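J.: Given chain V's structure and the hints, the job is docking chain P onto it.
Protein chains in written order, with UniProt numbering: chain V, 1 to 390; chain P, 1 to 390.
If you're looking for bench data, these hints aren't it; they were derived computationally from the structure. Note that the coordinates shown come from a computational prediction; the quantities given were computed from them, not determined experimentally. We treat Cβ as the ideally placed atom computed from N, Cα and C, and that holds for glycine. Among the hints, erroneous ones may be present.
Dumping the calculated BS3-like pairs for lysine-lysine here, alpha-carbon to alpha-carbon at most 27 Å [as the list claims (entries may be wrong)]: (1) V:Lys267 <-> V:Lys284; (2) P:Lys305 <-> V:Lys268; (3) V:Lys305 <-> P:Lys305; (4) V:Lys268 <-> P:Lys349; (5) P:Lys268 <-> V:Lys349; (6) V:Lys349 <-> V:Lys335; (7) V:Lys345 <-> P:Lys268; (8) P:Lys345 <-> V:Lys267.
Away from chain P, derived, C-beta distances all over 12 Å, residues of chain V [claimed, not checked]: (9) Gln22; (10) Gln23; (11) Thr97; (12) Gln114; (13) Lys131; (14) Leu167; (15) Pro207; (16) Thr212; (17) Gln232; (18) Ala250; (19) Tyr290; (20) Arg292; (21) Glu314; (22) Val326.
2 protein chains.
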Amino acid sequence: MKVTGIIAEYNPLHNGHRYQLQQARQTSQADVVIVCMSGNYVQRGEPAVLDKWTRAQLALAAGADMVVELPFASAVQPADRFATGAIDLLAQLGCQTVAFGSEEAAFDYQTIGQKIAALPAQSAAFVDYQKTYATQLNEFYQQTLNLSIDQPNHLLGISYAAANARLAQPMQLLAIERQQAQHADQLIQTGAYASASAIRKVLAHTPVDLTTVQPVVPATTMAALTTQQGVQWPQLWPLLQYRINSTPLAELRQVYQMSEGLEYRFKKVITQVDSYEALLQALKTKRYTYARLQRVCLYVLLNIKDTAIQQTLEQPYVRLLGFNQVGQTYLHQLKKQLTWPLISKISAKLGAETGLLGLEVRVDRLFEQLTNTHQNFARQPLFYQGKDVE
Amino acid sequence: MKVTGIIAEYNPLHNGHRYQLQQARQTSQADVVIVCMSGNYVQRGEPAVLDKWTRAQLALAAGADMVVELPFASAVQPADRFATGAIDLLAQLGCQTVAFGSEEAAFDYQTIGQKIAALPAQSAAFVDYQKTYATQLNEFYQQTLNLSIDQPNHLLGISYAAANARLAQPMQLLAIERQQAQHADQLIQTGAYASASAIRKVLAHTPVDLTTVQPVVPATTMAALTTQQGVQWPQLWPLLQYRINSTPLAELRQVYQMSEGLEYRFKKVITQVDSYEALLQALKTKRYTYARLQRVCLYVLLNIKDTAIQQTLEQPYVRLLGFNQVGQTYLHQLKKQLTWPLISKISAKLGAETGLLGLEVRVDRLFEQLTNTHQNFARQPLFYQGKDVE
Numbered sequence: 001m002k003v004t005g006i007i008a009e010y011n012p013l014h015n016g017h018r019y020q021l022q023q024a025r026q027t028s029q030a031d032v033v034i035v036c037m038s039g040n041y042v043q044r045g046e047p048a049v050l051d052k053w054t055r056a057q058l059a060l061a062a063g064a065d066m067v068v069e070l071p072f073a074s075a076v077q078p079a080d081r082f083a084t085g086a087i088d089l090l091a092q093l094g095c096q097t098v099a100f101g102s103e104e105a106a107f108d109y110q111t112i113g114q115k116i117a118a119l120p121a122q123s124a125a126f127v128d129y130q131k132t133y134a135t136q137l138n139e140f141y142q143q144t145l146n147l148s149i150d151q152p153n154h155l156l157g158i159s160y161a162a163a164n165a166r167l168a169q170p171m172q173l174l175a176i177e178r179q180q181a182q183h184a185d186q187l188i189q190t191g192a193y194a195s196a197s198a199i200r201k202v203l204a205h206t207p208v209d210l211t212t213v214q215p216v217v218p219a220t221t222m223a224a225l226t227t228q229q230g231v232q233w234p235q236l237w238p239l240l241q242y243r244i245n246s247t248p249l250a251e252l253r254q255v256y257q258m259s260e261g262l263e264y265r266f267k268k269v270i271t272q273v274d275s276y277e278a279l280l281q282a283l284k285t286k287r288y289t290y291a292r293l294q295r296v297c298l299y300v301l302l303n304i305k306d307t308a309i310q311q312t313l314e315q316p317y318v319r320l321l322g323f324n325q326v327g328q329t330y331l332h333q334l335k336k337q338l339t340w341p342l343i344s345k346i347s348a349k350l351g352a353e354t355g356l357l358g359l360e361v362r363v364d365r366l367f368e369q370l371t372n373t374h375q376n377f378a379r380q381p382l383f384y385q386g387k388d389v390e
Numbered sequence: 001m002k003v004t005g006i007i008a009e010y011n012p013l014h015n016g017h018r019y020q021l022q023q024a025r026q027t028s029q030a031d032v033v034i035v036c037m038s039g040n041y042v043q044r045g046e047p048a049v050l051d052k053w054t055r056a057q058l059a060l061a062a063g064a065d066m067v068v069e070l071p072f073a074s075a076v077q078p079a080d081r082f083a084t085g086a087i088d089l090l091a092q093l094g095c096q097t098v099a100f101g102s103e104e105a106a107f108d109y110q111t112i113g114q115k116i117a118a119l120p121a122q123s124a125a126f127v128d129y130q131k132t133y134a135t136q137l138n139e140f141y142q143q144t145l146n147l148s149i150d151q152p153n154h155l156l157g158i159s160y161a162a163a164n165a166r167l168a169q170p171m172q173l174l175a176i177e178r179q180q181a182q183h184a185d186q187l188i189q190t191g192a193y194a195s196a197s198a199i200r201k202v203l204a205h206t207p208v209d210l211t212t213v214q215p216v217v218p219a220t221t222m223a224a225l226t227t228q229q230g231v232q233w234p235q236l237w238p239l240l241q242y243r244i245n246s247t248p249l250a251e252l253r254q255v256y257q258m259s260e261g262l263e264y265r266f267k268k269v270i271t272q273v274d275s276y277e278a279l280l281q282a283l284k285t286k287r288y289t290y291a292r293l294q295r296v297c298l299y300v301l302l303n304i305k306d307t308a309i310q311q312t313l314e315q316p317y318v319r320l321l322g323f324n325q326v327g328q329t330y331l332h333q334l335k336k337q338l339t340w341p342l343i344s345k346i347s348a349k350l351g352a353e354t355g356l357l358g359l360e361v362r363v364d365r366l367f368e369q370l371t372n373t374h375q376n377f378a379r380q381p382l383f384y385q386g387k388d389v390e
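Excised from the complex, chain V in its bound form (with noise of 0.2 Å):
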């Protein structure tokens, strides 16, 4: 049986993401493919725009077999993080092919994976308190490995393929060419696709008017975002607001990336701020990009320590969120093999604090909160009784 793996966001899930699992499909021809999903935050430190449950139903709609979730503590990290997450989880499902999105499909993913994981670790010698720890790193690629990264997905990829390496039994990469938008089109153009940040970019405004999303997304994504009440960082703003005043420096010294005196940073600009977007702008310095000062902030938010994220990736699990009878199928026999805890409810001792799912629960709270939904106890994986993509 031949089983190929994607890891996605799908934040939301748009045309692209359905022509590439058609053509994950097609060309490694699968009988069998899984997503490897984040759940309600994502990789940028931002939260979803739909819940995990919904994107996992758009996923099911759009051709994936299974979906399950990547737990928080891999989902929101820098990209070697949550590809190493990501490549571990379905390498454990027995995917003997990973397939993701690339602006430079014919790259040779393969070789330079084997060469980075081949290389010492570096991370702790990006020092430079001018550039961020992203700069440090294309640039030590670019003098160890001549390889040069300007694409957030090409990163991406090159993250998945140095974890795939690191695997006793590597999986084959597939690289799937991009469909017409770049990652980081900020507007939708005419025509059948554009990227999820371009989609966000008008969820985000105020009233949303989707006319130019409908064009670009399957049927299903667009009646669950006309549906459905998403959650973005404005939201968050007033909860993150009073959180960084109510919590003491040492405390806020505590958080999970909280570096290098990054917590009187915050104490200081949070009495000068009145918006989230004006926070980032006065946190911003050439040490940190965004994304790694969104994923601080959420980490503030949540309230998420070191020994959180440590436990939860010490005891790596499977956490389904749906399937269909394929899917069903496979997974029947996949129990057999499978290692790591197969979780289908969350029952009351997994998702108690000190429980396999305890970051999990505690991290979905504020999002069952804000939209008045359950995302743990009392949910079971989707049942997807359609056969085909529609």
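T.: Just chain P now, kept in the frame of chain V:
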């Protein structure tokens, strides 16, 4: 120079308070009347319906010569600690008399205060989990002193008397009969007097209709209530809900007054309720009064730990909110004899986390966020020009 002190919350200031100010001055033949007033959070664990500067202004307009702030660490406390903080502050300010409203003005507060002050501390003995601390204290007073306390202001009066009796040089006690409305009255009756809680009840309704409030408050209070945005618990509810959900048990346990496993109840009920009132109902047991629970909710919301309270109590100060010409003249004379620091303006050092007013600044940040006003930095004591009581 005769100096009389009044302990108040003015939440909000009504005709009964103005009458009390007049009576206190007249009966004690005071040259100077000093009000010691709660800041932005009051004794029963609620935010004040008008901020402390506004309420200080109302006090000056109603006849006070000087207004000082009772620090959060003393203000948001049970009657005995509230009384101790306020009495110590008025004694520091050179008051010879302390006046207070009472439902039983003819009662011999002086004698009972001395008797209570002579008793050994009993709080550690009140361990019946089926009864509130207040109930057990009342029962103890009943047994040892044949004293029965039914009215909240009577309890406060007795607490003032006890705290006063513990002073090296006790002040004169002056109980002033409350006019008409009893404190617990929940409806505004016809006439010039109503309780502050009856007024707050009107303010809690949306939209607010101040028609019934007008006859029972001075014009200055009416103007403030008409033009200023207050804060009430329902407005804080989303923040409290978020706070409880994002705080692990081990951290919640560190909150001031979170004892006897109360943190487990908080974590359990927070997922079952959808309003502040419902939360209080769900938390209520025979062991805790609503006032106690409200204070714990406030400590949770404001992230108050034991150490922060202790540090403030151990380093007392006099915080000026406002004065008139009489107050200013007295202040000049007073400065020489003060043993506590006199705070007019808050410097960066005083307001820093470890500074003398660090806790005050921190708890007020939330008020600043919600009302979009400055509460500490950039404020200086009010100078009231008006010569007469309106």
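J.: Hints first: check each against the structure and report whether it holds.
T.: The hints, checked one at a time:
| no. | hint | result |
| --- | --- | --- |
| 1 | V:Lys267 <-> V:Lys284 | holds (14 Å) |
| 2 | P:Lys305 <-> V:Lys268 | holds (22 Å) |
| 3 | V:Lys305 <-> P:Lys305 | holds (19 Å) |
| 4 | V:Lys268 <-> P:Lys349 | holds (14 Å) |
| 5 | P:Lys268 <-> V:Lys349 | holds (14 Å) |
| 6 | V:Lys349 <-> V:Lys335 | holds (21 Å) |
| 7 | V:Lys345 <-> P:Lys268 | holds (20 Å) |
| 8 | P:Lys345 <-> V:Lys267 | holds (21 Å) |
| 9 | Gln22 | holds (40 Å) |
| 10 | Gln23 | holds (40 Å) |
| 11 | Thr97 | holds (39 Å) |
| 12 | Gln114 | holds (41 Å) |
| 13 | Lys131 | holds (31 Å) |
| 14 | Leu167 | holds (34 Å) |
| 15 | Pro207 | holds (22 Å) |
| 16 | Thr212 | holds (32 Å) |
| 17 | Gln232 | holds (16 Å) |
| 18 | Ala250 | violated (8 Å) |
| 19 | Tyr290 | holds (23 Å) |
| 20 | Arg292 | holds (21 Å) |
| 21 | Glu314 | holds (18 Å) |
| 22 | Val326 | holds (36 Å) |
In summary, the one numbered hint that this structure violates is 18.
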